[in-house]
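> The hints should help you fit chains B and C onto chain A, whose structure is shown.
Chains as they are written, first to last, in my numbering: chain A, 20 to 437; chain B, 20 to 437; chain C, 20 to 437.
Hints are computed from structural coordinates only; laboratory data are not their basis. Just so you know, even glycine gets a beta-carbon here, dropped at the ideal spot from N, CA and C. Among these hints, one or two may not hold up.
Straight-line Cα separation of at most 25 Å, DSS-like style, residue types lysine-lysine; simulated pairs [stated by the list, open to error]: (1) A:Lys98 with B:Lys98; (2) B:Lys94 with C:Lys124; (3) B:Lys275 with B:Lys98; (4) B:Lys227 with A:Lys227; (5) B:Lys94 with A:Lys94; (6) C:Lys366 with B:Lys98; (7) C:Lys94 with C:Lys357; (8) A:Lys366 with C:Lys98; (9) C:Lys227 with A:Lys98; (10) B:Lys98 with C:Lys94; (11) C:Lys94 with A:Lys363; (12) A:Lys98 with B:Lys54; (13) B:Lys227 with C:Lys54; (14) B:Lys54 with A:Lys227; (15) C:Lys98 with C:Lys357; (16) B:Lys94 with C:Lys363; (17) A:Lys54 with C:Lys227; (18) A:Lys94 with B:Lys275; (19) C:Lys227 with A:Lys427; (20) C:Lys427 with A:Lys366; (21) C:Lys427 with B:Lys227.
Which bits of chain C does chain A cover? Going by a derived footprint, with three or more residues having C-beta under 8 Å, they are [as the list claims (entries may be wrong)]: (22) 134-141; (23) 187-199.
One letter stands for each residue in the lines below.
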Amino acid sequence: DRAETQGGLKIISDDENLHAELGGIIHFDGYIFDKDDNFFSELDEDFFLIRGFEEPVNTTEFRTVRLIMRGRLWKWEYKLERDFAIPGVGGLLDVYLTTEIHNGKFITGNYKPSRSIGELIGQNDITMMERPFASDGIYFGRVRQQGMGWHTHWCCHTFGIDLFNLRSPGNPPNSGIGAATRFTWAPINDEFSTLHLGASLSYENPNKRTLPREALVEYSGRRGPRQLIALSPGGSDFFFGAFGDEEFYLGSPEGKVHFIGLELAGTHGPFYLQSEYAFGNFSGDFFLSELTFENFFGAPPDFFCDPFFGCFIGDQDVRTWYVMGSWAVTGEHKAYDKRKGVFKAIKPIPPETALEVTARYQSIENRDIPSMKASNFVFGFNYYFNPKVRLMFNVTLGDNSFNGDQTKQFAVRMQAFW
Amino acid sequence: DRAETQGGLKIISDDENLHAELGGIIHFDGYIFDKDDNFFSELDEDFFLIRGFEEPVNTTEFRTVRLIMRGRLWKWEYKLERDFAIPGVGGLLDVYLTTEIHNGKFITGNYKPSRSIGELIGQNDITMMERPFASDGIYFGRVRQQGMGWHTHWCCHTFGIDLFNLRSPGNPPNSGIGAATRFTWAPINDEFSTLHLGASLSYENPNKRTLPREALVEYSGRRGPRQLIALSPGGSDFFFGAFGDEEFYLGSPEGKVHFIGLELAGTHGPFYLQSEYAFGNFSGDFFLSELTFENFFGAPPDFFCDPFFGCFIGDQDVRTWYVMGSWAVTGEHKAYDKRKGVFKAIKPIPPETALEVTARYQSIENRDIPSMKASNFVFGFNYYFNPKVRLMFNVTLGDNSFNGDQTKQFAVRMQAFW
Amino acid sequence: DRAETQGGLKIISDDENLHAELGGIIHFDGYIFDKDDNFFSELDEDFFLIRGFEEPVNTTEFRTVRLIMRGRLWKWEYKLERDFAIPGVGGLLDVYLTTEIHNGKFITGNYKPSRSIGELIGQNDITMMERPFASDGIYFGRVRQQGMGWHTHWCCHTFGIDLFNLRSPGNPPNSGIGAATRFTWAPINDEFSTLHLGASLSYENPNKRTLPREALVEYSGRRGPRQLIALSPGGSDFFFGAFGDEEFYLGSPEGKVHFIGLELAGTHGPFYLQSEYAFGNFSGDFFLSELTFENFFGAPPDFFCDPFFGCFIGDQDVRTWYVMGSWAVTGEHKAYDKRKGVFKAIKPIPPETALEVTARYQSIENRDIPSMKASNFVFGFNYYFNPKVRLMFNVTLGDNSFNGDQTKQFAVRMQAFW
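Extracted from the complex, chain A is given alone in its bound form (with noise of 0.2 Å):
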């Protein structure tokens, strides 16, 4: 048989019905933060013991260390993918197998459903080092799922769907179920230019002990302070108290998310654009207390909210957008994966190296809490090395609407994978 390597391990059997390969990923980061001392400096311990809130700390961290093996074992793919920087049965990512049925890809397991193209990037190809809210802030905690779903593609489309349980390794079992399903069409593909359209639509239906959904997000980088936008409860086991208590959480159980996202990306030459605008809904219909509010959100409401029945929250619109760009000054052009509609990172050929300057800006607003916004832009550069090792350099400002906090932060990223 036969012995190779890209980095990792890989043997491929004479006949090529069998294949095994060992990869991994390590993202090893640094965060300095330009705290928003308008902000910070009006807030009293208190603020900080009540709601769990934690001032944004400047440290090193792996943001990502995998071990990932793949391999066909006649008909059927595997893919099995650990991240050691998450701890427990978490840390499992990607572990599906797949089957070619009807010209299309079956697949079931643990994986990414077909939602925004911002998400479906690999993580190794992506152009800033946090992925947009349009991705994982309105998908938060829910961007892998247990299921199966068939993908395809033809010409210049792809189309996929999935039908999953609103499980991921390592959360507690549940019956919940979700769906989702994408299509994309490029118009326009060749080796200069490629123009990509795309929409994509998820629905999750909770049910019994269904973790609360959530949009959440980091609005000034990772680690930095967080910022809940919307919430749909969870299973009744998540409320407490009593109305007229200082603390309750009280309502309909297991609210339902949908979202609709649209996408539009393309390349020319060394020149890329990427955007989303996702819209959609969680529902509601819960009272919180002012202070429960409060704690989860991180400021009082902007709103009134009854002294014994406290604030209710029903259902809640969600809005995100983001533009993206960057430029290789260097001239290289990011590889277009018409199988699975995604564009890949640039690539020099070694002994050349790459780089590249980028850009995004973002907003996320929830239309039914009063002032619940926040967006933040980012710019930064990319070098590479080689194909396979980058650093990545990030400037986030951060701006949240609802409690003012405008923090800032500079990041930096050593990144190999093979």
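Leaving out everything else, chains B and C in the frame of chain A:
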């Protein structure tokens, strides 16, 4: 050196003194329960609160996600198996070193002692989705232990003996010790038919800080309701309360456990039969308040408990047996591993596939706690896409005589190994 | 591409720009304690309750179960090492990227800074089962840190310098920083004899949320009783209580720690000598109630504590030294790695085996807490079945001058690596 793949990675040195291979397993399950309405509708909210009893939840689950490295270092061999579906150090399964001593294999590390054939059959070779009560029911949480053993085989016999500390990886340090031995005889073993007879003996002698020994079964399938069948207390630090309290658990700590198991199994062309009868004793001599009894065993005692001293539980005779059969509709024959005295799964030759239908009846009872008995009937099929990928389907009809529950389960598994 | 095995998996690309290998380690230990009856029989139940002090338990344990992947990606190399015997993200050990800069190696990630030779010698090359106090005693829980460094060597010298965040994987984010540097000189280094001299300097400057710095030793061997030797408080959130309370811990947070280490080591044929002397300071300036002192240090203070302000602990001078020797009875010689300034284990050439006898005396004291001193004498042997598999046996005679305990330990290890 030579590279090979059977779906995993393998490299063998030219002199064959050194080799290494990396493999893996994925078992992805789905469970749907048909709750026993008679049972569950009678229960009030208090029941669930008091007993921590959970209604079964329809869900998906990774049963097993493992990476397995093994190899040879001159006269020694190693195996390192980590299951990522189990959090923490407890995810270490087979981790051992072996070498040849006196025509046998000396083994040291964490592994399955020489006990029930139902336990010793490999995780990818089992006929039903879950093992019989005679393996991980009576040896609940103790199927692997840390120690050393010597395993040999000659002609149509196998013999193994093991001495171990009552500790598994992830469990607290303790100085309990145990021993096990197993002898098998295959009077018939040709290409078409095998007849296998076996007997095993297991003895566990807990000591300070050893965890309690339990016989515990999920009689309606994995993730379904559980029934504690028998209990030997662990170290005295597990006791709580005082006589006369509402809740107490007091008595002589460190109860011993021993079991004798008898095996009868065989193949005849596409037919397979496997059965075991195991009987043994969990030593007791402890007292539970009625409420504590109900918390532990899930229902009130069927016998008299003293208002002050509570329910006395002495030595407990436990018996369990099962009969399991399968028929490979497509004609394949299960191979017999005469070195280990176990059977392997059928293996179709690609591009052919295989189908087998399966059934098992089993029962377990504690003859010293009145009415303490559980049984189930499981039937289903296994469809083999190829020798490494199969789909399993099991229907489990559970029957808990102690609390009257008769929950049913429909379960499906996608399994791949390499 | 070319496949190789030295017991693990390795594949090298034809142009040698890319390669990858997967290896592993298993260390399986057994411990038997000879408790100091004078000490333990005097202790009453309260002692164990109050201080969380545990009697040593005879048990087995996986000391180390690792998978290690390393490789080359053009001019960069990676290493990813996960120890499954440590739960959670803290199981990440060496995880780093390196490249050549100015005749030296630039390294970034999680790794051991340039400090004690007792720490830098590889886990499979150490002479005794446990490292000396001069490594993981004074750098307890801090032997690897996240940062970057530059390591070089020329002629008979090595030099390394490191700058790091006081964080290891699995620890909370914090903004403490540290630096370390080490210089070594081998005036003699031929095939038969090596003389090694070295000096290192380590400085740690904690900051908000940094964990406390501790010098802590298991003076009777692994899993035996522990003695906290010195303590610098971490962030102020670790303080508790108020002056006059029964239990309090108050003062100036974020104490600094620095150490100077001197190394003298060498080989002469089958003989090996390794010794270190390290002295440094844990800055203090904090107050403990007498009960808190006893909880932390395991025995009441030998000095006057104010009834209201408690026991004051200021800056603490800590000194430790050891002398270790080994004799390879079968004549093998320990190789010297002149790139790193460390020694390797002896390696028999199969089918030959090797035996070495070993001994070490070591002592550590805190000169600013009266009677705070612990020492031990360890002797034993290592039997090498082959270059990758060895059996270690150590007898440890512990001596804790602070509380008077003199527990002994008999320990055995089966070790394999590949």
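> If a hint holds in the structure, say so; if it does not, say that too.
Now for the hints, and whether the structure bears them out:
1. A:Lys98 with B:Lys98: holds (22 Å)
2. B:Lys94 with C:Lys124: violated (37 Å)
3. B:Lys275 with B:Lys98: Violated: B:Lys275 and B:Lys98 sit about 31 Å apart, past 25 Å.
4. B:Lys227 with A:Lys227: Violated - the C-alpha atoms of A:Lys227 and B:Lys227 are around 41 Å apart, more than 25 Å.
5. B:Lys94 with A:Lys94: violated (37 Å)
6. C:Lys366 with B:Lys98: At roughly 22 Å apart (the allowed maximum being 25 Å), B:Lys98 and C:Lys366 satisfy the hint.
7. C:Lys94 with C:Lys357: With Cα atoms ~22 Å apart, C:Lys94 and C:Lys357 stay inside 25 Å; holds.
8. A:Lys366 with C:Lys98: Given pair A:Lys366, C:Lys98 holds - Cα atoms ~22 Å apart, limit 25 Å.
9. C:Lys227 with A:Lys98: violated (41 Å)
10. B:Lys98 with C:Lys94: With Cα atoms ~33 Å apart, B:Lys98 and C:Lys94 exceed 25 Å; violated.
11. C:Lys94 with A:Lys363: With Cα atoms ~22 Å apart, C:Lys94 and A:Lys363 stay inside 25 Å; holds.
12. A:Lys98 with B:Lys54: violated (34 Å)
13. B:Lys227 with C:Lys54: holds (15 Å)
14. B:Lys54 with A:Lys227: Holds, at about 15 Å.
15. C:Lys98 with C:Lys357: OK: C:Lys98 and C:Lys357 at ~21 Å, within 25 Å.
16. B:Lys94 with C:Lys363: Distance ~22 Å between B:Lys94 and C:Lys363 Cα, so the pair holds.
17. A:Lys54 with C:Lys227: holds (15 Å)
18. A:Lys94 with B:Lys275: It is violated: about 50 Å lies between the C-alpha atoms, which goes past 25 Å.
19. C:Lys227 with A:Lys427: Holds. C:Lys227 to A:Lys427 sits at ~19 Å (cutoff 25 Å).
20. C:Lys427 with A:Lys366: violated (60 Å)
21. C:Lys427 with B:Lys227: Status holds; Cα separation ~19 Å.
22. 134-141: Answer violated; 0 residues pass the 8 Å Cβ test.
23. 187-199: Since three or more residues must qualify, the claim that chain A covers the region 187-199 of chain C holds, with 5 doing so at under 8 Å.
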